[in-house]
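2 protein chains.
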Amino acid sequence: MTLKIALAQTNFLVGNIAANVENIIKVATYARDELKADLVVFPELTIIGYPAEDLLLRADFIAAANNAVYQLADRIDGIAVVVGFPELEGDKLYNSAVVLHQGVMMARYRKQALPNYGVFDEQRYFVEGDEPCVFEFNGTFIGLTICEDVWRGGIIEATQQAGAEILLTLNASPFNSGKIHQREAVIYEQIKTAGIPLVYVNQIGGQDELIFDGASFVVDAEGEIVFRAAEFKEQISVVEFDGTQPIKTDCASLYDEIACEYQALVLGIKDYVRKNGFQGAILGLSGGIDSALVLALAVDALGADKVEAVLMPSRYTQDMSIEDAILEAEALGVKHHTISIEPAVNAFTGMLADLFAGTAKDTTEENIQARCRGVVLMAISNKQGKLLLTTGNKSEMSVGYATLYGDMAGGFAPIKDVPKLLVYQLSRYRNSLSPVIPERVITRPPSAELAPDQVDEDSLPPYEVLDPILERYVEQDQSADEIIAAGFRREDVVRAISLVDRNEYKRRQSPPGIKITSRAFGRDRRYPITSGYRGG
Amino acid sequence: MTLKIALAQTNFLVGNIAANVENIIKVATYARDELKADLVVFPELTIIGYPAEDLLLRADFIAAANNAVYQLADRIDGIAVVVGFPELEGDKLYNSAVVLHQGVMMARYRKQALPNYGVFDEQRYFVEGDEPCVFEFNGTFIGLTICEDVWRGGIIEATQQAGAEILLTLNASPFNSGKIHQREAVIYEQIKTAGIPLVYVNQIGGQDELIFDGASFVVDAEGEIVFRAAEFKEQISVVEFDGTQPIKTDCASLYDEIACEYQALVLGIKDYVRKNGFQGAILGLSGGIDSALVLALAVDALGADKVEAVLMPSRYTQDMSIEDAILEAEALGVKHHTISIEPAVNAFTGMLADLFAGTAKDTTEENIQARCRGVVLMAISNKQGKLLLTTGNKSEMSVGYATLYGDMAGGFAPIKDVPKLLVYQLSRYRNSLSPVIPERVITRPPSAELAPDQVDEDSLPPYEVLDPILERYVEQDQSADEIIAAGFRREDVVRAISLVDRNEYKRRQSPPGIKITSRAFGRDRRYPITSGYRGG
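Quick mapping for you: the protein sequence lines, in order, are chains A and B.
Count along the first sequence from 1, then add 928; that gives the number in my numbering.
Count along the second sequence from 1, then add 928; that gives the number in my numbering.
Okay, chain A solo, but in the shape it has when bound (with noise of 0.2 Å):
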């Protein structure tokens, strides 16, 4: 007695209810006629993508969602579906998984573990299931469980105890650096002391901040993986069960860790510009690592024809500058222009020249020139219809070495949570597959070039001290104490810790950007502006 599981991970969009409906359509007939499938798994809450965030408060949505599911069962036979939705019971609403087989609901979960820790708010919205779910399809008993419910101990156990001979998981489990080998790790040691084989379905794309990165993958009742879809595509993928145990198939290899870190920014990317409809995307081109990086990205994921660079040199650009960032468009078959930022900076300074006199030059200076290319680029935004991409990475986001409606402007902020020096490390790694970064731009000192002969390394430590301060603090929460006791210096833990806390007004203006760190800057770390804490 054979079983067919189809996995299907699939990129749908978040709160378009109708398109994903017809979506489960399509692959439900794709598994059920090209894949021989008996079952097919869809991810968390399939029918609404995850997170919907609040619009899971508005009454008609919900509504909708229900519709939707009771609708789906009457349009699907030959194979059952397995499909995730927000369940209204009178007015407790439940993060649910159905089964839908010939027309009938012939089960239902709810999930047991509601996260509600880093960027998961799902105490916010739903009511904790409290029981497992085990059915019976094909003579094999089944059991289902949701996405955190696999992570909190117990609810497998229970839940195998309960008769479950096989377990599906619905998961809309979101990228991080790392992230896959803990997943499968946690699964590894859950199902060591179960004895059952699991199946994982996790959905794919780029929501907002997150990436969701498939790699969704099917374990033995030993643990061991005989089977995983590949990282970062849809796939629809079937393992066939040989009574309860599933048949090794193939597997796809994983990334390494700095391959896995650019196709997620990629995907990012890709997926903001197509999902909010954009017709392409610009962005500021200095000459420097960041925006070199920032292009690349933004050409592996649109293509050349669909990015736009603009340099907007001053008194303070180098040659240099301008020749490296003229070499990174050519090499990548982008189009670019050049517009000169010193008419407008001669016409504030100008404007302002009677209020600033006497006073002395300053930051005030600096952020013109800045804001002046900031206009710049959102007027070509506006007038395209094309998304700007701001090049500031995770570093300058937490010290705030960044103007506000300067080189912070943008729609989109795909390195806001790379620090500088995977900055560094990603732009070698993007070289190794074509060369499209000059050296040189590798090589020398990162600079704002916002005064004469300005290095970062003025303004702040070098990136080597300054990013592993910033990961203990911001990533790992660690007190001052603890930083320094590690082996640095008191005088560079107190100020990085000190400009982190001063510019999180900074950070709430700033554009999303793509989460792949433990710790991001935006729903992932909810810091108050006023504060009188000063870092332990």
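Rather than coming from a laboratory, the hints here were simulated on the basis of the structure.
Hints may contain errors.
Copies of one chain are not kept apart here, so a pair can be met inside one copy or by any two copies together.
As a list, the in silico DSBU-like pairs of lysine-lysine whose alpha-carbon atoms are at most 35 Å apart [claimed, not checked]:
(1) K1234 / K1120
(2) K1198 / K1289
(3) K964 / K1176
(4) K1289 / K932
Since the structure of chain A is already known, use the hints to place chain B on it.
Here is chain B on its own, set in the frame of chain A:
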């Protein structure tokens, strides 16, 4: 036998543990020596302020807060002190209240109802307590509860059944219009059943987007108010109990709704500027109603000498706008500057001429003007260390009738949660105190003055139609069909909703503003930018 209970309606800075402890000691000493109180009650999470958000995830912060409470016990005598703090036990964090008396912790209560909706994220941080707390003090049995506990049915009763004769509740209950009546009504209903008096202590002050309005009160065993502290002010008061019956004393009268909203806005500006250490505030004064109101609010909050206005006319600015702006600044005694934006607009027009050759004028050119104003204002803000107040209202924020990095530029957006029609009402209210906004500003049709003879109604339905649609959609989560059924034209509803949905990306980059309605943009309304949902 009498008992004197002091209500410490205090304004603490989030995160500033050391200063908060000193403040508690000062207030407790005053309550003991001047008010002859036996016991003093502080607001929720006194030691750290509310809401501390992700500071609560920092081990060093939690350790500091716990140590502070233990040390506090030793530093006060002669009065029992009830304070709130984030109590760590093992790896569990509770939202707790303790009674400190004669150097010992004589009772401890853990909040049972943890709100996780609207602006609240308490389940992100805390574990629920599971039992009532009643302690004996001078022969009276006193129960403790915290904020949401008294909104959720059952907890007051359980505490009374556990023996409480008087109930104390520590609160951080954020303001929205009408909230005080809701609060008093909820307590009245619960106390009618429980039949014991209740002492309700609320914090006051502004914290980023939230205002805490104070208005602490005491009800007798029938639920009737026998004492009320002022709204929007720090106040340390005492209520005497004869046995377990509170003796009626001064009840501050309540502001009417419009005055309340005005006071909330004033307090919000004052505390954001003060707690973040700004030297004062600046704003762009256009001659329109929004900036006129923000100017008045800023002066009422900070004093005329701390506020500066900048007029930035263009070729589209009407003479009456300049005249009225100057009249406003002079009526309020505020320094003002006039800086024409024409040189910068001309510079950008020239810089973009080649690239834009052959394209029609559109909002791009309007946005350039708004962004030139943004650059000027930010330069002055940067140079002078003054907070830039942005002047957009909630109607504009809802439909995106504002320029990102232009008129949306600024550190704080005082009237971001004030719909346009309420802007008019608040302006008339302010003029009723003393005439500071010229009548013509109130009566002329609103215009952005970014194109010849432009008025808002060219692009938007009249505010008399738009505002109620927005209230239903944004605040009440009504569907298009429900709003149409309430008597609005389908085309107005569809257009308004579509604009709200499409402009989430702008709101995501807007500065924080003061919540005064039942649902503000910001932490209170968390929508995806990428969404296929089309408003039902």
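Taking the hints in turn, this is what the structure says about them:
With identical chains, the CA atoms of K1234 and K1120 are never at most 35 Å apart, being 49 Å at best within one copy and 67 Å at best between copies. In this assembly of identical chains, the alpha carbons of K1198 and K1289 lie at most 35 Å apart only when taken from different copies (30 Å versus 41 Å within one copy). Taking CA atoms no more than 35 Å apart as the test, K964 paired with K1176 passes inside one copy only; the shortest distance there is 17 Å, against 79 Å between copies. Within a single copy, K1289 and K932 get their C-alpha atoms no closer than 71 Å, and across copies no closer than 59 Å, so neither meets the 35 Å cut-off.
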